[in-house]
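Colleague: Protein chains in written order, with the numbering used here: chain A, 4 to 427; chain B, 14 to 566; chain C, 45 to 530.
If you're looking for bench data, these hints aren't it; they were derived computationally from the structure.
Please note that a few of the clues may not be correct.
Stated by the list, open to error - These stretches of chain B come out as covered by chain C in the derived footprint (C-beta under 8 Å, 3 or more residues):
id: 1; stretch: 174–186
id: 2; stretch: 205–211
id: 3; stretch: 214–225
id: 4; stretch: 293–303
id: 5; stretch: 349–360
id: 6; stretch: 452–459
id: 7; stretch: 514–527
Claimed, not checked - Label-pair ranges, simulated between beta-carbon atoms:
id: 8; chain 1: B; residue 1: GLU268; chain 2: A; residue 2: ASP148; range: 50 to 60 Å
id: 9; chain 1: B; residue 1: ARG422; chain 2: C; residue 2: ALA424; range: 56 to 66 Å
id: 10; chain 1: C; residue 1: LYS138; chain 2: B; residue 2: LYS144; range: 45 to 55 Å
In this text, a Cβ means the ideal position worked out from N, Cα and C, and glycines have one as well.
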Amino acid sequence: MTWQDYTHDMQRCTRCSYCKWIPYRYMRNTDFIEGCPAVARYNWHAYAAGGKFNMAYSLLQGRIDIDDTFLDVLYRCQMDGSCDVSCKVQQDIEPLQLMQELRIKCVEEGKLPPPHLMVIHGLRKEDNMMQSLKSDRGKWAEGLDVKDLTVEQAEVVYHAGCRYSFDKELWPVARAGLSLLQKAGVDVGIMGAEEACCGGRAYELGCSGEMEKYAQHQMETFRTAGVKTLVTPCADCYACFKVLYDKIGRELGIEVFHITQYLERLLKEGRLKLTKKVPLTVTYHDPCHLGRLSEPWVHWQGKEIKVEGQMIVHDPPKKFRRGAGGVYETPRNILKSIPGLKLVEMYRIKEYAWCCGAGGGVIDAYPEFAVWTGAERLREAGAVGAEAIVSACPWCKRNFLDAAKETGNDIKVYDLIELVEKAI
Amino acid sequence: MKLAKQEYRALEYIVGKEYITQEPAILDTYNQVWGNQFFFDDKHSTRPSAVVLPASTDEIQAIVRVCNEYGILFKAFSSGFEYLSLALEKEKGILLDLKRMNRVLEIDTKNMRAVVEPYVSVYRLQLEAAKHGLYTGRIGVGYSAGVVAAECCHHGCQHTMVFTSGYGRNVLGVEWVLPTGEVLKMGTGESGGELFSADGPGFSLRGILRGRTGANGGHGIITKASVKLYPWYGPAEWRQSKEPGEPPSRGQLPEVPDGYKVFIPTFANIDDALEAAVEFCHAEILYALSIGMLGTAVPPEGNDEEWAMLQNLEAYPEAGEVSRNSLVLIIGGQSARELQYRQKCVLAITEKWGGRFLPHFNEPEALARSFVDMIWSNGVPALRVTGDFLPSSSSPDGSPDMLKKLAEREAEISRRYEQSGAFYSVRNVKRGISWRPEENLSTGAQGISVALYDPYDPASLEAARRFISELFDPRGKFQRFGVPARGGCLQIESVTHVHQNWGPRYDNYDLWLRKIKKMLDPKAVADWSAYIPPDYPHYPQEGGYVLPSYGKK
Amino acid sequence: MAEEKELAKIVGSSHILGGVAVLDDYSRDLSFTPRMVPRCVVRPGSVEEVQGVVKWANHTLTPLVPVSSGAPHFRGDTVPGVGGAVIVDLSRMKRIIRVDPRNKVAMVEPGVTFAELQAALEKEGLSAYMPLAPRGSKSVIGSVLEREPITMPGHHWDSTDPLLCAEVVFGTGDKFRTGEASGPDTVEEQWELGRVQMNPFGHSHVDFQRLLSGAQGTIGIVTWATLKCHYRPELKRAFLVPSPSIEPLIELSYRLVRYRLGASLFILNGLNLACLLGQESGEVEKLNRILPPWVLFISFEGYGVLPEEKAAYEEADFRAMARSAKLKPAADIPGASAGEVLVRLAPPSPRPYWKLRFKGGFQDIFFLTTLDKAADFISAMAELVPPENTGVYLQPIVQGTGCHCEFNLYYDPAEPAEVDVVRRLVRLGGEEMARRGGFFSRPYGVWRDIAYRRAEGTRNMQRKVKGIFDPNGILNPGKLCFEVKP
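Excised from the complex, chain A in its bound form (with noise of 0.2 Å):
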């Protein structure tokens, strides 16, 4: 679809607002009931969803063209999709979907914010997000006994992603979850240098060529080398390679887990055994990407049609998705089963949770938004009486160290890979 097949989401949006918080059901400490963090930051109403719609009628109609208060609009924002689950309790609208294909309109017309270009031709360049070299991105893995997949072959292919592969404070994580596949006697190789970026950022950028590419080159490069399953510890390459794929229709053609679950079902055969104590109290907060975002994708080819009057359903009938198809209990049975460990929940959690801040780019072209709403989520962890804040991603992991620094937070922040580490 393109952005002017949300016309009839842009005329239905009635500015209820909703999208600004989590669903009010679940509201109960009203510290922490808002939602979306850019509009939270920056107040005007063209920062929620309800305005990406406002700001995409208009487009249509001719009345703003795409500048650089559109393309700010934009691009603050974390692509986190709570407005859209929270929307969607109400609605059936797409306001996630108009503003990827709003960046993706961008990007056509060769706008985009100047960091995000930076990032992009450093993909182009060295395939991978991070603006490093390639040849660095197995350098992770260096000194660990596991399969080159480039020269073997495995029936797991472990995908570290690049904010794991070039983010080397955050390799010891990267190393343990490859780690505990081994100890669990798992058949793993890596592609090492050979591993390229999955493409799901730069689509979430409006570069969807780029996700096309990768998409084809991932699939051919997992057929060569044989592997059946890929598990990946990062949460945005795992909604990449299992929603948006699916969404372009590109079929990896192997099963995609995202370590927790893969973690779950080796626990489940006693491949792994927790027996260590590890006595914290954490909260577990829900990667975007592993959560929400990593609902399967629902294809739908259809019309819409009106029935008894004028109610709007559709022909063959949609179903929306609504958020409630993410991963959320795996990574708490998990935790839940580590001896010693309490774990108690936050205020935003589940589909309704509040992003670490790093998505959407906003990391790389906004780094301050980016650390005011992750401050903003170890705020609330501690609200809750948490010595840590766990979660499953290395992008949300970054974001928060680089949040606790910042603000001189001393809430310890654990991939939950780590305190699996720790209990075996």
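Use these hints to put chains B and C onto chain A, whose structure you have.
Modeller: Frame of chain A; chains B and C shown alone:
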């Protein structure tokens, strides 16, 4: 229309660069509200010249003074979630987005009041007040309505009005920036005391603050309000939850909270249901009452799911005839004895009128859903069904007997539109009669009726306009029932001309309103779209009847 | 004289009163308001006549002073503020136009008294919302428009209660019907439609009835009003809760009013209870010696589908609350029985008016506060005024969000020294209470200055509103913040 440089700078100086904009991309997110299409044939109303985000009464006062100086129209809003909240009558006009004025300043547990800034939403206050054993009534448009907007500026009919009143009856104090830029604090607030009375000395200026509806920005900006709270018998906190995999709309309480009970009796016919409703109100036992709108059904995820349920009416009994004749009765009690007495009354009156408790309406989860809908709201699903709804199209308030006649008369008209397919109507289900009682029915009730139409379907839109024109024609079938002026909603004077058409038949009230407007706003800088203009512009007329002006901004 | 001939054409010459004795009666009341002899008294019998008088007054620029209650008056609001005024005595308009038991609404003209209304309501199973033992000549509409607090706080939703709608003649001479009463039909035609003039809101953006309530007749002259009524109970029970100090009664009162338990509820000091119960001075003094310093009165009324159960559970919950406050309610206490008080709440006060019984004269100081501040005001007043001659009456209002706090200064009007002291204390006491935060929402007499000194914005706005509804300033000039026009 762009502001002149010095006008913009004057405003920028007040709020700071970060909090003023005249960027078209942003301005056009402030002129698209759900009702615009109905009035203007365009989702866009007049683009504001600028939007500002003030943080304080001082800033607002200074802004209003600038508007007076330069002749700039202004209007403030909080959630803006209303039929036509952001329309401006002139091209040179600014909007004040009150998002930054978001504090709950005080909750006085003992004297049962809260003092809030304009952006505080009803649900937020409900969450806060519950910790103090207090409650503010649930507003029609749901969670996100501003407390100040509901109580002072707009309509403020509360679904729980039987217990929590509404229509500005709960205003105990106000800080009001007048269109001249002066600040008026009423009652005890003016003498620097606590905000427990807005009345006097002498007669109460609440009289010109609002009536059955507020001024919707037409006479300045309310920057603070003290509102009466009511006892809350429930828990200090609650949690709505759902099963994994269920859509977010499915979240609910597992049962009605302690301190409350919900009963949903069904009667043999609507007359018995209505008589029973009157008796329930007069028994002074209710926390909330709903006639015919039960809220027991599992909220459908979306329209397609709702359609599937409707096709299987057995699975969606609320859509059937039986719900028409049913009541939702919510009772609360500060003691087990009180709750028990109220329950006994419910059972006795139900039995008296031949009511019975159908299991599918009265099982715990259904009752819990009904409770949530009445007490906190499920939002406004009507907007999803067709894209728009016409709320209580005529609906003056009054006695149940009058409201029944009114509803029947209106139903005759709506039936025509429903049968033609111009409006939504569930097949084979007769229109119900419903009203919301106020103060145990001691001031009457509010009539409720809703017509759902599609504003983007030209035939449906045209039908909706014809329908409203029929109801709003003072020469027509409703001329004796009262002025259909809800304010905001469908009473946009420059389009529906309600004041101009109905005033002469109703004690020339519009002349007094215009004098008040002129007195409050000598330079006519407060936007009057949903209020009254100081003087009526020229509109085409037909023998003294001012014709509706749809499609003209 | 020519002008008075015009008046005679409007109301009929038999309804124009003059003469020294009559005019003297209207020139003063029992407050310290300076005497001002009116020009004459007119007694209109219909809204048309009222309209005629008002139009005449505009034409001749004659001040009008509307009066609906009979003498004695106590507040000064019926004494002309300026010379040459015409009293508009509405006591001829005495119809109880309609009693609607289904909707619990009564429609009355201004001359109707509480006794008359109660008698009519009783036949329909209803009862009026009463202030505390009003005098027999008190007009119901007069009381309601003055915002006299009713004794049933759980039923007091808003400061205007029990007022619903009204027909009014504004100072311009325009007739107007507020709220649901408005429209092209006569009221009789409205009744056919089921419109019973019960919904007070509007029109639209203005609550016109709020501009009449508390206005002391300065905005318009009300020619009828509809009022909320309540059910006449099938059974009643009442209790007194004595206490040596006020604080525990205040706490108990908060709990009761919060949950709207009980029907009538108020607090009196022993002296005021004695005045209410005693027939004459000696008896008042005797009772005062026996009665406790403070008493809370509460009644429970049984009506509706389960009247016994209603009264029973309310009483049981009340007893539990009293127990936890370590208070002991009783049907009888030394010197008084709750039943005796109960009997005095439905009808108006028998003569002499209860506040006159102790010493023959009284002056009230009353204002609004919140109940939690009442004890401080009581202490402060006790420092100014000898408590042995001061009655105290606390009435929770607006469902407990506020409290009418009233002090009654009893004195012998035949003793000049006492008169002087009380005259001074009315001002001094008012000043001190206002300084401490007492809100003089009903600014009679010397409280005008006290109240409006702290309400400049309100004053300015009220003058502008007055300019709309009474541009020539003919209605009760000199009252509220409205100066006499030169």
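Colleague: For every hint, state whether the structure bears it out.
Modeller: Hint check results:
A stretch counts as covered by a chain when three or more of its residues have a beta carbon under 8 Å from one of that chain; for the stretch 174–186 of chain B and chain C the count is 5, and the coverage holds. Counting residues of the stretch 205–211 of chain B whose beta carbon lies closer than 8 Å to any beta carbon of chain C gives 5, which meets the minimum of three for the stated coverage. Evaluation of the coverage hint for the stretch 214–225 of chain B: fulfilled, as 11 residues show C-beta separations to chain C shorter than 8 Å, against a requirement of three. Counting residues of the stretch 293–303 of chain B whose C-beta lies closer than 8 Å to any C-beta of chain C gives 3; at least three are required, and the coverage claim holds.
A stretch counts as covered by a chain when three or more of its residues have a beta carbon under 8 Å from one of that chain; for the stretch 349–360 of chain B and chain C the count is 6, and the coverage holds. Given a C-beta distance limit of less than 8 Å, the hint that chain C covers the stretch 452–459 of chain B holds, as 5 residues qualify and 3 suffice. Only residues whose beta carbon comes within less than 8 Å of a beta carbon in chain C count, and the stretch 514–527 of chain B has 7; three or more means the coverage holds. As the Cβ distance of GLU268 of chain B to ASP148 of chain A is approximately 57 Å, the hint placing it in 50 to 60 Å holds.
Taking the beta carbon of each, ARG422 of chain B and ALA424 of chain C are about 60 Å apart, inside 56 to 66 Å as hinted. Between LYS138 of chain C and LYS144 of chain B the CB atoms are about 53 Å apart, so this pair conforms to the stated range of 45 to 55 Å.
Consistency with the previously given hints is maintained throughout, with no hint failing.
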